[in-house]
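Asks: Sequence:
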Amino acid sequence: MRRSLALAGALSLLLALSAACTGDRAEAPGGAAESGPASLPEADGLLRTAADELRSVRSARFAVTTDGSATLLDIRSAEGVITAEGEAEGTARLSQAGEPLRLSFVVKGESLYVNGLTDGWQRLPLSVAATIYDPSALLSADRGIANLVATASGSTEARESVDGVPAYRIRGTLPGAALSTLAPGVDGDVVGTLWIGVDRPLLHRVTFPVPGGSGTVTVTFSDYDAPVTIRTPR
Numbered sequence: 001m002r003r004s005l006a007l008a009g010a011l012s013l014l015l016a017l018s019a020a021c022t023g024d025r026a027e028a029p030g031g032a033a034e035s036g037p038a039s040l041p042e043a044d045g046l047l048r049t050a051a052d053e054l055r056s057v058r059s060a061r062f063a064v065t066t067d068g069s070a071t072l073l074d075i076r077s078a079e080g081v082i083t084a085e086g087e088a089e090g091t092a093r094l095s096q097a098g099e100p101l102r103l104s105f106v107v108k109g110e111s112l113y114v115n116g117l118t119d120g121w122q123r124l125p126l127s128v129a130a131t132i133y134d135p136s137a138l139l140s141a142d143r144g145i146a147n148l149v150a151t152a153s154g155s156t157e158a159r160e161s162v163d164g165v166p167a168y169r170i171r172g173t174l175p176g177a178a179l180s181t182l183a184p185g186v187d188g189d190v191v192g193t194l195w196i197g198v199d200r201p202l203l204h205r206v207t208f209p210v211p212g213g214s215g216t217v218t219v220t221f222s223d224y225d226a227p228v229t230i231r232t233p234r
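Numbering (our numbering), first residue to last: 1 to 234.
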């Protein structure tokens, strides 16, 4: 049973979401904010521009963190890289029946490789993973973070840095239909926060509460379009 639950978590850890992340937080509003709402661009325009830019992205690094009681299929944190072709690699930390579990994963071709459930790498058909979570969704032009940004709505609150990158902070509604593709188990609209880059309009961070929980999920994206080579584990 424990292995079955852990496998479910492993198959779902490629979300990113939340993207899509480290546990670093953006500077507190009011401290690092560089300008007030009156001088900030409108959120609708920022989100539309960011959605168009995200559809051209070929790779990204993501990290997912949770706090409070929030989890996504028992995932406490995850980080790695993913490509627009749906290939990915990284690690995840899960909590199963109160026991910590650390997994490594690789998605290559039509296979998912997981290390941490047994001794050595375990190979599974990618079609099995897709029944729980489709890893190609994250950078999909139609279903991924581009779609999430395109369908979000809200208002621009501040300009501040995310891991040293100047960004606009937008607070608003994240539609459940778009978010559920990236965060399994989230099926209703939630109020969250997005950070869109100033120099290049890309999503650098998104935070949102998990319905029914008392915590939040944070997904951070970085190293957009950096060269990525993912190899089959041996």
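Note that these hints are calculated values from the structure, not bench results. The beta-carbon is built from N, C-alpha and C at its ideal position, and this holds for glycine as well. Some hints here could point you the wrong way.
Pairwise CB distance ranges, derived in the manner of DEER restraints [claimed, not checked]:
(1) T118 x S155: 46 to 54 Å
(2) S104 x V191: 31 to 39 Å
(3) R171 x S56: 21 to 29 Å
Asks: Where does the structure disagree with the numbered hints, that is, which hint numbers, in rising order?
Replies: Violated hints: none; all satisfied.
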